[in-house]
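> The hints should help you fit chain B onto chain A, whose structure is shown.
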Amino acid sequence: MNPVANNGPGRGAGRALPWALVTPALGWTLAFFVLPFIAMGLSSLTAHEGGGFALSNYSQFFTNPSYLQAMVNSLQVTAIVTLVSVLLAYPFAWILAEQVPERWQRLALMLAVLPFWTSYVVRSYSWLLVLAQNGVINRVLTGSGLISEPLQLANTRLATVTGFVHFFVMLLTLTIFANLKQLSPSYRKAAADLGAGPVRTFLHVVLPLTLPGIMVGAFLTFVLCIGDYITPQILGGNNELLMPQLVMMQIGRRGDFPLASALSIILMAVVTVAYLACARWLKIERA
Amino acid sequence: MTSNIRNPLSTLKCNLAAACAAAALLIAASGAQAADLNALIWCDHSDPALLQPFEQANNVKVNVKEFEGTGAGLAIVEQSQPGDWDVMVIDSIDVPRGVEKGLFEPLPEDKLPFGDLFPQVKMDKSTIVDGKRYGITEKFGYNTIGFNKTKVDPADMQSLASLTSDKYKGKVAIYDYYLPVIGMAALAIGKKTADLTEADLPALKEELLKMKANAKLVGEVTASQTALATGEVDVLVGGGEWVTAGLAKENPALDFSIPKEGAVLWSQSLAMFKDSKNKDMALKFIQYILSPEGQARLATSSCYWGMPSNTKAALTDDQKKVLRFDEQPGFLSRAQAYPAPNADLDKKMQDMWTEMLQAK
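From first to last, the protein sequence lines are chains A and B.
One point on numbering: in our numbering, the residue at position 221 of the first sequence is 222, and numbering is uninterrupted.
One point on numbering: in our numbering, the residue at position 82 of the second sequence is 1244, and numbering is uninterrupted.
Just so you know, these hints were derived from the structure itself, not from any lab.
Ideal Cβ placement from N, Cα and C applies to all residues, glycine included.
Treat the hints with caution; some may be incorrect.
Quick list of simulated restraints, FRET-style, between CB atoms [to be verified]:
hint: 1; chain 1: A; residue 1: L31; chain 2: B; residue 2: K1227; range: 45 to 53 Å
hint: 2; chain 1: B; residue 1: E1368; chain 2: A; residue 2: E150; range: 25 to 33 Å
hint: 3; chain 1: B; residue 1: K1227; chain 2: A; residue 2: G53; range: 46 to 54 Å
Just a few of them, taken from the derived set where beta-carbon distance is under 7 Å, the chain B residues facing chain A [to be verified]:
hint: 4; residue: E1230
hint: 5; residue: G1293
hint: 6; residue: L1519
Below 16 Å or equal to it, Euclidean Cα-Cα: the simulated EDC-like pairs (lysine to aspartate or glutamate) are [as the list claims (entries may be wrong)]:
hint: 7; chain 1: B; residue 1: K1263; chain 2: A; residue 2: E50
hint: 8; chain 1: B; residue 1: K1510; chain 2: A; residue 2: E50
hint: 9; chain 1: B; residue 1: K1331; chain 2: A; residue 2: E50
Here chain A stands alone, though its shape is the one from the complex (with noise of 0.2 Å):
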């Protein structure tokens, strides 16, 4: 041991280089979380005529059924984009992973991932002029007879989430496919070796394995469908309101900025207890 290692100018600039190198991490946190959190929970706790203290923000959204609606939508919606989405990308990340030969596996990928590089807004009102009435499925549908009247399938809630999957298929099928590759092929060899068919190395050896990247990204999903406004706005036609409308409406016609901060910290807390939820469950998965 040195003492005058320990006990000289080094060691302070030893302590200091740390912090140093932390500090612009902090003081984004700082400045582009931690204090907007604070205003918007301080904001939430201010009557909107005359200001002052108040909870009326928070006893508004439990007392006003429209407002509780709005909170069941929105879980309702993001539960099935989550389910469809894990659903759809799951055997397509699992084809790009073990079907499609590895040097095709990159141009496949990227295949997969092109929709990601258009805008979301055109995305989703693309999606409107496919499913509108006069959309590309209706023509089909009227022209080969097999139904005599439209269908409404935009502004409907099938259209939002149908907006929803195409963009979240996409997410989960990045972070199952990295699951995937990361798996030791040796796991498959091993359970072969004890007599295990495919589909039963799939379901007791390959899915348990990449259960942490499907939690990972259905939790991805949730947390950026249950905030979204633009596909409901575009897709859904108003015919329910989602909490990022509820939000946006406190805004945009009443200029209620107490209202959507107390909205949106609501909003918050839910997206806290599924990351809760899902923290824990990777953990007890880990023990």
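Okay, now just chain B, sitting in the frame of chain A:
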């Protein structure tokens, strides 16, 4: 070797100093823009075809910020510094709200063409407060029934009852702005828009729910325009010349009616901020917008068309025909102003609107 390594704290200090310098530059730059004109506007004022002639003639840059609804506009002002804004577009009926908050400057009537305005849209009851004029109507029109005349019976469009009839179930869109559509619901149940009180809300809600039951969607400006233009729906509740006129060339089948029960008159005004640092330029801007040339450009703005308030607007004959300029006296005589609820009733109306949106 140690001497070559920069102390991280010094690095941080240097970076902070650079950040402070950059911030100072930004502040200075924003200060330099005080000579510009800052306008809180609706989307029709952001059309370059409207703004550029004024900017070139006066060597000024018009910085615009769009907003939707008076509440949102006033919230922006409340969160700004005094003097940040020079002019504001506001629903004519809401001018007193800005005056109550001490925001607006009285307008010099002798320097503006009040004599040339359609008399019915001067809106003296709302634009004059305590004998002083705070707003001047620049554009108006109707929230009424917009429709595709090749898909519906135009005779049906002469009654608001058609909006809730089974004949048009699933063929209707509702414009997503609570005040005019609540106004239309009031007309449908025989109430005057100016006399609405809390006691009328149950009947209004019932009427709105009937409309919703017939509707395929409830959309803001673009969505409702698109729905009517693409044939997704055949009727637009709350539509009017602001939907059909701009699309007349591409889709001449689109039209609007003023039904026998009447229509809701929308009217937008320009007001000048009391704390404007650029009142001369603000007045010039208002004068330009109210001039025959400015009025024609505003009336035919790419965002939405509407009737110019100035009878001398330099519109072409075709444009006048599309806007049904010559029929205005008859239309105006049957139109009623937007409902003008107080803050409490306004909140209740918005909650009612939210309920209508959530209704299956």
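> Now look at each hint and say whether the structure bears it out.
Hints and how they fare:
no. : hint                         : result
1   : A/L31 - B/K1227: 45 to 53 Å  : 29 Å, violated
2   : B/E1368 - A/E150: 25 to 33 Å : 29 Å, holds
3   : B/K1227 - A/G53: 46 to 54 Å  : 29 Å, violated
4   : E1230                        : 5 Å, holds
5   : G1293                        : 28 Å, violated
6   : L1519                        : 5 Å, holds
7   : B/K1263 - A/E50              : 13 Å, holds
8   : B/K1510 - A/E50              : 14 Å, holds
9   : B/K1331 - A/E50              : 40 Å, violated
Against the hints set out earlier in the document, violations occur for numbers 1, 3, 5, 9.
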